[in-house]
Amino acid sequence: RKEVEQDPGPFNVPEGATVAFNCTYSNSASQSFFWYRQDCRKEPKLLMSVYSSGNEDGRFTAQLNRASQYISLLIRDSKLSDSATYLCVVNTDFNKFYFGSGTKLNVKP
Amino acid sequence: SAVISQKPSRDICQRGTSLTIQCQVDSQVTMMFWYRQQPGQSLTLIATANQGSEATYESGFVIDKFPISRPNLTFSTLTVSNMSPEDSSIYLCSVELGTGEDTQYFGPGTRLTVL
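From first to last, the protein sequence lines stand for chains A and B.
Under the numbering used here, think of the first position of the first sequence as 143, with each following residue one higher.
Under the numbering used here, think of the first position of the second sequence as 859, with each following residue one higher.
Just chain A, same shape as in the assembly (with noise of 0.2 Å):
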């Protein structure tokens, strides 16, 4: 079983359109929890930290479930610059990055 999971997409959505991924992971003593965005051909770049609480910036807002072992990413009014693969990330007790397959979104004019 995969460390990390999420759905490939991709996502095709109208630019405006509220659009959520989730992740799921396996281990239950992780410790910290992450959302990259990779654009094509580019490094992964850190979006948000994922906290116990929930976090919000900006159009973005970011949740963990600890007891169902998900977390989720919304993005409110996708603009056309959002198109990117974002990655869900996570460190478990040794320290490790685990990273998921990555969800592709596509925002359409």
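Treat each hint with caution, since some may be false.
So the derived label-pair ranges between C-beta atoms look like this [stated by the list, open to error]:
no.	chain 1	residue 1	chain 2	residue 2	range
1	A	R183	B	S859	18 to 24 Å
2	A	N154	B	D960	42 to 48 Å
3	A	G151	B	D869	26 to 32 Å
4	A	D181	B	T875	18 to 24 Å
5	A	N154	B	G910	48 to 54 Å
6	A	D199	B	A860	36 to 42 Å
Far from chain A, some chain B residues (derived; all Cβ distances over 12 Å) [stated by the list, open to error]:
no.	residue
7	C871
8	Q872
9	Q880
10	Q882
11	S885
12	V887
13	I921
14	D922
15	P925
16	L931
17	N940
18	P943
19	D945
20	S952
21	Y963
22	L973
In case anyone wonders, no lab produced these hints; they're calculated from the structure.
Here a beta-carbon is modelled for each residue, glycine too, at the ideal position from N, C-alpha and C.
Chain A is fixed; fit chain B onto it per the hints.
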């Protein structure tokens, strides 16, 4: 964050040869890592580069194939040895700043094609 550079940015190599990839950070960092991202796949950790000692390799990766050096807190190299077409991939270094957050920041990657 930190400014991370990698050299070369890309290379095309012949089977059986070796390539050394350099990772340079603009500040001292506690942890440096090397990842591989094969086409259409996510990132897989190759090893943790330890300053002043041997790297810590993940399952499936060995020192003879991927020797790593880390002579100081700002620099590391990864060598891909005796290359085969299956080694064609993007190789990325990442760092943890050691400022209390465990976030990793990535270099721009090295795109390797083995013929």
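Against the structure, the hints:
no.	hint	verdict
1	A:R183 / B:S859: 18 to 24 Å	holds (21 Å)
2	A:N154 / B:D960: 42 to 48 Å	violated (34 Å)
3	A:G151 / B:D869: 26 to 32 Å	holds (31 Å)
4	A:D181 / B:T875: 18 to 24 Å	violated (30 Å)
5	A:N154 / B:G910: 48 to 54 Å	holds (50 Å)
6	A:D199 / B:A860: 36 to 42 Å	violated (20 Å)
7	C871	holds (19 Å)
8	Q872	holds (23 Å)
9	Q880	holds (15 Å)
10	Q882	holds (15 Å)
11	S885	holds (17 Å)
12	V887	holds (14 Å)
13	I921	holds (18 Å)
14	D922	holds (22 Å)
15	P925	holds (21 Å)
16	L931	holds (18 Å)
17	N940	holds (26 Å)
18	P943	holds (20 Å)
19	D945	holds (18 Å)
20	S952	violated (8 Å)
21	Y963	violated (7 Å)
22	L973	holds (20 Å)
Hint compliance for this structure: hints 2, 4, 6, 20 and 21 are not met, and every other hint is.
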